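Using the sequences provided together with the hints, build the complete structure.
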Amino acid sequence: MYKEICKKYAPTKDNLIQILHEIQDSHPQHYISPDAVDTVAEYLNVPANHIYGVLTFYTMYSTSPRGKNIIRLCESPPCYIKGSENILRKLKVILGVETGGTSKDGLFTLELCACLGVCGNAPVMMINEDVYGDLTEEKVEEIIDKIRGMK
Amino acid sequence: MSLKRIDLLICCGSGCVSAGSLKIKERFHEVLQEKNLANEINIIETGCMGPCDYGPVMVIYPEGTFYKKVSPDDVEEIVNEHFIKGRPVARLMLQDDEENTFNTQREVPFYQKQVKVALANCGYIDPESMDEYIATGGYEALGTVLTTMTPQDTIDVIKKSGLRGRGGGGFPTHIKWQMVHDNKSDEKYVICNGDEGDPGAFMDRSLLEGDPHRILEGMMIAAYAIGASNGFFYIRAEYPLAIKRIKLAIEQAKEAGLMGKNVFGSNFCFDAEVRTGAGAFVCGEEMALIHSIEGSRGNPTPKPPYPAVQGLWGKPTIVNNVETIGNIPTIFLKGADWFASMGTETSKGTKVFALTGDIKNTGLVEVPMGITLRELIFDVGGGMTGGHKFKAVQLGGPSGGCLTVEHLDVAVDYETLKERGAMMGSGGVIVMNDKNCMVNIAKFFMDFCVDESCGKCSPCRIGLKQMLDILERITSGKGKEGDVEELQRLGEAVSKLSLCGLGQSAPNPVLSTIRYFREEYEAHIRDKSCATKVCLDLMHFDIDKDRCIGCSLCARKCPVTCITGSREDKYTIHQLDCVKCGNCQDVCPVKAVSRIPGMHPEVTAKREAEAKIANHHDD
Numbered sequence: 001m002y003k004e005i006c007k008k009y010a011p012t013k014d015n016l017i018q019i020l021h022e023i024q025d026s027h028p029q030h031y032i033s034p035d036a037v038d039t040v041a042e043y044l045n046v047p048a049n050h051i052y053g054v055l056t057f058y059t060m061y062s063t064s065p066r067g068k069n070i071i072r073l074c075e076s077p078p079c080y081i082k083g084s085e086n087i088l089r090k091l092k093v094i095l096g097v098e099t100g101g102t103s104k105d106g107l108f109t110l111e112l113c114a115c116l117g118v119c120g121n122a123p124v125m126m127i128n129e130d131v132y133g134d135l136t137e138e139k140v141e142e143i144i145d146k147i148r149g150m151k
Numbered sequence: 001m002s003l004k005r006i007d008l009l010i011c012c013g014s015g016c017v018s019a020g021s022l023k024i025k026e027r028f029h030e031v032l033q034e035k036n037l038a039n040e041i042n043i044i045e046t047g048c049m050g051p052c053d054y055g056p057v058m059v060i061y062p063e064g065t066f067y068k069k070v071s072p073d074d075v076e077e078i079v080n081e082h083f084i085k086g087r088p089v090a091r092l093m094l095q096d097d098e099e100n101t102f103n104t105q106r107e108v109p110f111y112q113k114q115v116k117v118a119l120a121n122c123g124y125i126d127p128e129s130m131d132e133y134i135a136t137g138g139y140e141a142l143g144t145v146l147t148t149m150t151p152q153d154t155i156d157v158i159k160k161s162g163l164r165g166r167g168g169g170g171f172p173t174h175i176k177w178q179m180v181h182d183n184k185s186d187e188k189y190v191i192c193n194g195d196e197g198d199p200g201a202f203m204d205r206s207l208l209e210g211d212p213h214r215i216l217e218g219m220m221i222a223a224y225a226i227g228a229s230n231g232f233f234y235i236r237a238e239y240p241l242a243i244k245r246i247k248l249a250i251e252q253a254k255e256a257g258l259m260g261k262n263v264f265g266s267n268f269c270f271d272a273e274v275r276t277g278a279g280a281f282v283c284g285e286e287m288a289l290i291h292s293i294e295g296s297r298g299n300p301t302p303k304p305p306y307p308a309v310q311g312l313w314g315k316p317t318i319v320n321n322v323e324t325i326g327n328i329p330t331i332f333l334k335g336a337d338w339f340a341s342m343g344t345e346t347s348k349g350t351k352v353f354a355l356t357g358d359i360k361n362t363g364l365v366e367v368p369m370g371i372t373l374r375e376l377i378f379d380v381g382g383g384m385t386g387g388h389k390f391k392a393v394q395l396g397g398p399s400g401g402c403l404t405v406e407h408l409d410v411a412v413d414y415e416t417l418k419e420r421g422a423m424m425g426s427g428g429v430i431v432m433n434d435k436n437c438m439v440n441i442a443k444f445f446m447d448f449c450v451d452e453s454c455g456k457c458s459p460c461r462i463g464l465k466q467m468l469d470i471l472e473r474i475t476s477g478k479g480k481e482g483d484v485e486e487l488q489r490l491g492e493a494v495s496k497l498s499l500c501g502l503g504q505s506a507p508n509p510v511l512s513t514i515r516y517f518r519e520e521y522e523a524h525i526r527d528k529s530c531a532t533k534v535c536l537d538l539m540h541f542d543i544d545k546d547r548c549i550g551c552s553l554c555a556r557k558c559p560v561t562c563i564t565g566s567r568e569d570k571y572t573i574h575q576l577d578c579v580k581c582g583n584c585q586d587v588c589p590v591k592a593v594s595r596i597p598g599m600h601p602e603v604t605a606k607r608e609a610e611a612k613i614a615n616h617h618d619d
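Residue numbers (our numbering), protein chains in the order written: chain C, 1 to 151; chain R, 1 to 619.
Simulated from the structure, these hints should not be mistaken for laboratory data.
Hints may be right or wrong, so weigh each one.
Unchecked claim - Derived pair list, reagent style EDC-like, types lysine to aspartate or glutamate, alpha-carbon separation capped at 16 Å:
| no. | chain 1 | residue 1 | chain 2 | residue 2 |
| --- | --- | --- | --- | --- |
| 1 | R | K244 | C | E22 |
| 2 | R | K254 | R | E273 |
| 3 | R | K23 | C | E137 |
| 4 | R | K360 | C | E85 |
| 5 | R | K160 | R | D337 |
| 6 | R | K244 | C | D130 |
| 7 | R | K68 | C | D134 |
| 8 | R | K465 | R | D451 |
| 9 | C | K8 | R | E608 |
| 10 | R | K580 | C | E85 |
| 11 | C | K90 | C | E137 |
| 12 | R | K570 | R | E608 |
| 13 | R | K315 | C | D14 |
| 14 | C | K13 | R | E294 |
| 15 | R | K478 | R | E608 |
| 16 | R | K69 | C | D134 |
| 17 | R | K244 | C | D134 |
| 18 | C | K90 | R | D586 |
| 19 | C | K92 | C | D145 |
What the hints assert, rightly or not - Covered by chain C, per the in silico footprint, the following chain R stretches (three or more residues, Cβ under 8 Å):
| no. | stretch |
| --- | --- |
| 20 | 63-74 |
| 21 | 237-245 |
From a predicted model like this one, the values you see are computed outputs, not experimental measurements.
Even glycine gets a Cβ: it sits at the ideal position worked out from N, Cα and C.
Here it is, written out as structure tokens:
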């Protein structure tokens, strides 16, 4: 599987970041396994330690399994001013996890991230590729319930 | 083809999408289908219109009616009343405090002081249609440049326009171009920097999402001027829509022959690719960005050599910000003199600002340089929300500084802001009211920079962490005399010694808040009190027994059961156990619970006792 993703790109080092993105997105647990690293290292002919260096440098990559949906709550000042701390508290309660943790049903991983660039509608979070703005505690509950219902 | 009598422009920028504009669009399609009007009304998905706070927003032409906060339930009424009967729905129009209604977009005060150059098409055309871009004059500038001008002529126009980098540094664009132009090399590159990471800035996102062809055209003009035939868009992975739109624009341009070999019959050949980031703020720094495109960690490297000499894969490269590039086509269409006629002596043209925080009209605005902060915040931004007082404004994100009431009449340009300890940065304007604690805000920005430091050079990696520790100490009531001076000393050292812009500018928020709000720092340190009641260790909750009705709601909501009492005796908070979650204040039906500045005496006594024991052990 990893090999097929690699083959979509030319075997040059500059494609590393794009390949890693695609491998991570295609994995049901949104992470990059040691196997994947080995495959990519072989394909691009770069040492695995270079790939680990890149993996651990960029915050969007994970080397451990995560939930089906990645929640990324913005922790930047514009969101903070508009009350993102309460949203974080609420998310922790309804998901039963701490920051960085995955809910027991494996559906959600809760992460904090730097600015999402939707500051006009702060506080904001992103679930996978969808942005949710003007969050309130009630709205958060609705959104999570809806995704839970979709599984 | 049918003739459509109405154009319905729905803002589908990320802000409005997050507020549900796509659902509204779907609903319009359904309702129009039901009523058999689909042939008469043209639904257009546009980029960001600007006033994110009113989202989802829409404009209906030919009149230009402006609707705000539309919900899917309003759609049927708009169709019935406005489209069928010709009576615009007044309740969805914008009203000001004096209950004046603004019928059309042009009347809305938010737009009145704005001059749109880079944002001209944002919210006005369908970003996924190249034809619409061409209909507004798109690719005309590229055609003129390629067929009538030499690369040097092109650079001279930019020089005359006075355009400076909009990403933060404000470096004159023509100098970068000239340097790469003069360097002889078999290969040169142009990079569009879309790694917008400053908290509170979202103009690059909106431009890429709302008018991608403009950026592509600007990039091609830059490429022609410097002699490059390959370009890269480096865009944050957090902006999936921007990535999709720019990729689509590239495809469309290639198909139409506006990109590729011998564009406009000239010798100019150009190809562009999109590269995404992966969540590293430091990649906005040009050397870090170049390393990231090369497939490595985004660590900055010392300059010189500058990218103009040794950039991507060691070849001469220009890195220009999205907004900078967005200005280029218009400069060629309307002329350098026209562009230079706006702004101040040293800062020409317009600048896009992202207004966020405790301000009424949050969103994206474009105003001539030299506008005063007062005009920007109160006229364009509509002033403060909830009747609160203006306290400070943070300009330039985590690299910038804060300014106060006394600076409201300062002109916004590169030099003036710098003199006062702030900076233009990428144009993020975070407005704060009197409920914000400046020490806490400074700590927040420092926390961001510590997280985002790449760790390569020690002043930034270690120095910023030390500064954060001191700020944490101060906000948790353990501040010591001399902490402020230590912060200043460290801040200056980190500024001077760091390798790249991140470290050099990271101390700015702390230094500027010390400069203008020193008394707040001192109150935190000496009086152990946070006047704004934000720093939890320096405030406490208390129940006013005269007001308390003994309903026990607070006691039941308290997560640590530190509230006890009865209907007769009323309720009391046991301060030593309180975790300051604020639940009691939220649930109290008679507002008997309030926040009081300063530590509770019981807590102070306990801390002192603990400190004594600790000292004893040390002995």
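Practice task
Against the earlier hints, flag every one the structure doesn't satisfy and list their numbers going up.
Solution key: 3, 4, 9, 12, 17, 20
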